Amino acid sequence: MTLIPKAVLIGMPGAGKTRIGQDVAELLDVEFVDSDVEIEEREGVKIPQIFETRGEAEFRRIEADTILEYLHDFDGVLSLGGGAPMTDRVYDALESYIGEGGTVAYLDADPNEAIARASRSGNRPLLADGAAKKWRKLYSQRRPVFERLANCIVHTKGKNPMQAAQNIADSANERVVHVTGADPYDVRIGAHVGNHLAEVLGDKPVRIALIHTTPVQRHSDRARTLLRRAGYQVSDITIPDAEAGKTIEVANGIWKRLGEEGFTRSDAVVGLGGGAATDLAGFVAATWMRGIRYVNCPTSLLAMVDASTGGKTGINTEAGKNLVGSFYTPAGVLADLTTLATLPNDIFVEGLGEVAKSGFIMDTEILRILEENAEALRTFDPEHVSDELEHVIAELIERTVRVKAHHVSSDLKEKGLREFLNYGHTMGHAIEKLEHFRWRHGNAVAVGMVYAAELAHLLGYIDQDLVDYHRSLLSSLGLPTSWDGGSFEDVLALMHRDKKARGNMLRFVVLDRPGHVIHLDNPPADAVEEAFRRIQR
1 MTLIPKAVLI GMPGAGKTRI GQDVAELLDV EFVDSDVEIE EREGVKIPQI
51 FETRGEAEFR RIEADTILEY LHDFDGVLSL GGGAPMTDRV YDALESYIGE
101 GGTVAYLDAD PNEAIARASR SGNRPLLADG AAKKWRKLYS QRRPVFERLA
151 NCIVHTKGKN PMQAAQNIAD SANERVVHVT GADPYDVRIG AHVGNHLAEV
201 LGDKPVRIAL IHTTPVQRHS DRARTLLRRA GYQVSDITIP DAEAGKTIEV
251 ANGIWKRLGE EGFTRSDAVV GLGGGAATDL AGFVAATWMR GIRYVNCPTS
301 LLAMVDASTG GKTGINTEAG KNLVGSFYTP AGVLADLTTL ATLPNDIFVE
351 GLGEVAKSGF IMDTEILRIL EENAEALRTF DPEHVSDELE HVIAELIERT
401 VRVKAHHVSS DLKEKGLREF LNYGHTMGHA IEKLEHFRWR HGNAVAVGMV
451 YAAELAHLLG YIDQDLVDYH RSLLSSLGLP TSWDGGSFED VLALMHRDKK
501 ARGNMLRFVV LDRPGHVIHL DNPPADAVEE AFRRIQR
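Just so you know, the sequence shown maps onto residues 1 to 537 in the UniProt record's numbering.
In case anyone wonders, no lab produced these hints; they're calculated from the structure.
From a predicted model like this one, the values you see are computed outputs, not experimental measurements.
Take these hints with a grain of salt, some might be off.
As the list claims (entries may be wrong) - Straight-line C-alpha distance at most 30 angstroms; calculated DSS-like pairs for lysine-lysine:
1. 134 <-> 157
2. 256 <-> 157
3. 46 <-> 133
4. 204 <-> 137
Build out the structure end to end from the sequences listed, making use of the hints.
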């Protein structure tokens, strides 16, 4: 199996890459390699001599060859020379490495401190004379490249080497999914990713509206501490839990607070909690001053795999769920796995409904992982999670987010491909509405997927075995597969209000094989009703 480094460190001369890199390697219990040292050992001469006798272009070729070799055959911590990422071959290779799940950490050092350290070294050929002036010139050229490339930025000022190393070690154990599009952003998945909150918010906001629910008070307390430590003014806003928080009345109360407290277009919102909380926080951010920066910090499995990613924000109304809202992308999503340690079993299990959906519509490996771990997932106990199960959960979240990212990156406003993420949702949303949102979303979607499978089978798209597989897999995870809480007439009326509907024509998302979905427009009325009858038993 091809190995990739745990982390690659980049930064200016004097940033402390060697010292901090050694500490990162110690924390991760892996080997450390400095590319400059490796080059000198291989060539048998110091780097300044290579510059002098062979020229910078030849040195950069040697450097690139060495780095690319390590990127493909080394699983430790690798520190690069200051100018290495400026070489196209190295930059492209580091981009590919990030795409494979690697961590490129940019050490952004205080210029005065870094210049002082770099000046003491006799091994900086580009800083031979007039070190301070040359350093600052190189810094102006390289910093934008470093910031654009890195998926972990560590500001070292005020941190000792071990503190900086701990930040990188935490990032190396994270999973990062990049959501592309007009406004790209990253979804970070891992323990303590909340530590990146200030990094994602940036230095422009002065005020932060921290919107959260009461059940996540422990996590909101930590977020508030991190925000205040970073110098932000924090407005703590508590909203009702679950769907009760997604109303125009709640949103209006928050708008009033923002106005009274002087929130401007450069300030920001942090949504912390389950899917309803992040939906509401995103809607407030999208509408205040016609759009301000926001970050989602999901604390439930459902929110991590669904609501927090994709830029869908909204509230519920009497007419239905999520019919009022906006497509508005977050600056980032921080899915901190430590928050799952406080998640009740039933709320964890409902999130598996959206995970399974992603397996049915695209990534069938998700289905295999769910099958193999069904009992452990169904009996999830937050106080007794093994390392093995923790790894399984992290992989399921990453895979599910990647499925969502695939669909939303090219279709933010749900005009085509993104609609496929609504597998099971036409019936699921109707159930939620008729149950007055007493049914949780993931449970309703599970029944909705069985309904969609029955409909597809009735119309000849899939066989009975795949319908049965829906029921058996979802049941093994502790999810419901039937519902008898309302009339067909009531369900049909709500289906016609579904966002996928076109005029008076019903539109469904159905499978035609595992891992592949299609649109089903205006199916026969008798099949729509018969599929409903089949989920009642």
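To see whether the hints hold, each was checked on the structure:
The suggested pairing of residue 134 with residue 157 holds, with an alpha-carbon distance near 21 angstroms, which does not exceed 30 angstroms. Between residue 256 and residue 157, the direct Cα distance comes to roughly 38 angstroms. Violation of the 30 angstroms bound is thereby established for this hinted pair. Taking the CA atoms of residue 46 and residue 133, the gap is about 24 angstroms. The hint holds against a cut of 30 angstroms. Using a Cα cut-off of 30 angstroms, the hinted pair residue 204 and residue 137 holds, with the two alpha carbons roughly 25 angstroms apart.
In this structure, the one hint that does not hold is number 2.
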